[in-house]
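Those sequence lines, one after another, are chains G and W. Take 1 as the starting number for the first sequence in this note's numbering and just add one per residue. Take 1 as the starting number for the second sequence in this note's numbering and just add one per residue.
If you are wondering where the hints come from, they were derived from the structure by calculation, not from laboratory data. This one's a predicted model, so the numbers in the text were calculated from it and none came from an experiment. Each residue gets a CB set at the ideal place from its N, CA and C atoms; glycine is no exception. Any given hint could be a false lead.
Quick list of simulated restraints, FRET-style, between CB atoms [unchecked claim]:
hint	chain 1	residue 1	chain 2	residue 2	range
1	W	R99	G	T277	35 to 43 Å
2	W	A74	G	V128	53 to 61 Å
3	G	D243	W	P182	48 to 56 Å
4	G	L319	W	A74	45 to 53 Å
5	G	R246	W	A183	25 to 33 Å
6	W	R89	G	R249	23 to 31 Å
7	G	V236	W	W9	22 to 30 Å
8	W	I13	G	S268	17 to 25 Å
Facing chain G, from chain W, some residues (calculated, C-beta under 7 Å) [what the hints assert, rightly or not]:
hint	residue
9	T15
10	D26
11	D42
12	L44
13	P48
14	A128
15	P139
16	E169
17	V171
18	W175
19	A204
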Amino acid sequence: MTAPSSGRTVRGAARPGARVPAYWAPDGAVALWNDLAAGRSAVESPPASPFPEDVRSAWAVPRFDPRERAVAPRQPVEGYGVFTFPYGPVSMGVPEAGRFDVRTYGERVLELVPRVGYKSRRILASLVGLTPADAGLRVERLAGNFAAAHVSAFLAAAESAAGRAVPSRDAWVRAVAQEVQRIYNHVHVLARLAEAASQNVGLAQAHALAEEMLRVAGATFGHRWMFGALLPGGPVARLGPSDRDRLARTLDRLSEEFESLWEVFQGSRTFVDRIQTTGPVGRDEAEHWGAVGPTLRATGAAWDDRLRVPVVPYDDLFLPVAVESAGDALARLLVRVQEVRSSFLLLEQMLQRWPRAEEAPVDPAPPVGPHRGIGRVESPSGDLVYDVALRDGRVAAVGLRTASDANWPVFAVGMRSQVFTDFHFAWESFGLLFAETDR
Amino acid sequence: MSTWLGRAWARGILTTRYPAAPAADDEAPETGRPPMPTRPLDELAEAPGSCPTGAIGPAAVDQGKCIRCARCRAAGFALTGPVEASGRRRSELVWPGGRPGATVPEAGLAPLGRSVHVFLVDVGSCNACNLEVLALANPYYDATRLGIFFTNSPRHADVLLVVGVPTEEMVEPVWRAYEAMPAPKAVVAVGACPTSGGVFAGNAGLRPGLDAVLPVDRYVPGCPPPPVAILDAILALIGRGRPRAGEA
């Protein structure tokens with residue numbers, strides 16, 4: 001990564017001159033990490049301005065307007081026969097509300113501009129004034145298939161703002177939820193890539209494995225997407241001794257199932273050929289645009305929040321970091337495959353070494369007055385940061401940087417000079433969600 | 001050495017027996033079912049206060065507003081209702097006394113009797129409903145065995161499945177998708193968001209529900225509804241659903 005610097009202008013920022021959190025930028029993330037490593041928490045250095053109005057204007061995440069601004073490098077492409085092909089916001093290929101403007105002369109993508117904002121639900125503003133537990137219900141519905149990561153990061157930030165350590169059992173339950181959801185999302189990416197490559201048998205089998213992960217979540221957390229399960233008052237996670245044994249056996253079977261599935265995928269030349277060299281992103285480009293998660297690790301950088309932000313229980317578990325160097329869709333898939341393996345390994349370790357003390361989940365109700373904290377987790381698509389300000393136990397402001405925010409420009413770079421039929425392979429391999437950016 | 005065929009053979013048939021048999025527990029976990037009062041509703045004084053979306057009233061429970069957060073369990077509710085909770089009118093989702101009201105058996109929308117092509121439109125969802133709808137294509141649910149096919153264009157669709165709370169930006173796109181569909185056509189609101197706004201009801205710039213944008217033919221409660229509930233809603237729309245609570 002490049003050297004830390006502060007006050008850097010951020011791509012796609014809403015207003016000229018708007019102050020944004022330093023960790024929005026990739027090298028800001030380094031600065032934040034250095035702060036955390038040195039034991040300096042955000043609570044000790046609150047912003048100079050009083051809550052909540054100033055915080056809301058200065059720390060709010062930039063709003064994107066789909067009609068005016070692109071989340072991509074602006075580089076007007078002109079030439080004979082070049083036109084803009086709009087794709088979305090209603091299409092089955094990308095089953096989310098979002099649009100891509102493709103500059104092309106017919107086949108080759110000269111420039112691709114993702115247009116976000118179609119499904120902006122104004123969630124962050126609606127959190128102000130709620131208790132963390134009530135705000136959590138909205139946070140997990142910000143991006144449903146990353147709910148475990150979002151709510152874990154949000155609660156970690158709220159607990160940090162409240163000056164309270166994360167209850168030990170909660171930390172373990174959140175980690176189990178995150179790893180189960182990571183496996184689901186990575187297998188889902190494999191299924192979507194198989195679908196794009198017309199590998200219909202592989203699609204069915206990968207799709208079935210993804211469904212089994214949802215059923216594991218449903219049986220363990222009472223909800224297929226874990227909504228409410230990590231919050232006080234929700235469905236209680238069934239992780240008693242006999243439940244853990246049963247879960248461990250199920251995961252063992254699914255792990256073997258995944259290995260056998262991947263073995264056949266690996267042997268399919270049409271599949272591997274199709275995604276190799278598709279959507280390539282170089283290491284320098286990934287770092288320049290601030291890529292995170294599997295997108296970054298597929299270019300050779302070993303950056304994983306589960307190691308970089310050592311929290312319970314990850315600080316005590318063995319976690320091999322998945323790194324590839326080619327930077328194409330195949331490399332990103334290989335990183336995901338290794339991460340599925342490491343997640344199964346982490347789950348096995350967690351279920352074996354479960355802490356004895358069982359505490360009930362508590363509502364993170366903080367002391368009186370304004371306080372602020374940061375929560376940071378590795379979501380399935382990469383680094384996810386929540387910055388939560390509390391005032392008298394209620395949310396005063398929320399700042400957020402999701403993995404999708406960071407990776408939009410990287411996707412646009414990866415699609416340059418590809419042909420349009422490469423679109424779905426590249427798109428699925430990045431694991432981007434419109435829901436994460438349109439909040 | 002595994003092969004595609006060898007793997008498929010070894011796994012056997014995964015597909016659910018639904019709708020011939022009722023939904024199993026692993027198909028509809030706890031939060032896949034509507035909350036029901038364990039005692040008469042007027043004895044549960046604390047229940048309305050426990051609900052973050054105001055779905056529980058003093059005399060009735062509005063399943064269309066329920067986000068299945070399970071907080072009402074502490075106030076005497078249990079998530080044990082029928083998976084087949086979708087309704088043709090919004091008022092059918094308001095259960096007096098917390099129990100599903102009597103319904104008359106429905107005929108399917110006339111010419112959509114056998115096989116339908118469905119098209120998914122997201123108007124502002126969190127992606128969970130999208131993925132639950134797409135899960136209907138996986139071998140566990142296999143909607144094609146029931147004559148339900150996904151299509152890639154609204155021009156080939158009979159049924160529009162709409163997920164998410166309608167944002168101002170998506171009103172025109174979803175209307176244009178609806179206009180592009182050939183008649184006869186039907187719209188299904190999948191999940192709490194298009195039904196009532198769900199947990200985001202009242203946020204700035206959001207429509208209160210899909211019926212403020214399009215004529216809706218069927219509402220499916222749940223956050224998100226499990227795939228069997230979506231399957232049931234499509235089947236009920238064409239008159240092939242499982243018998244419903246209160247039906248003769």
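Q. Which numbered hints turn out to be false for this structure?
A. 1, 2, 4, 5, 6, 7, 9, 11, 12, 13, 17, 18
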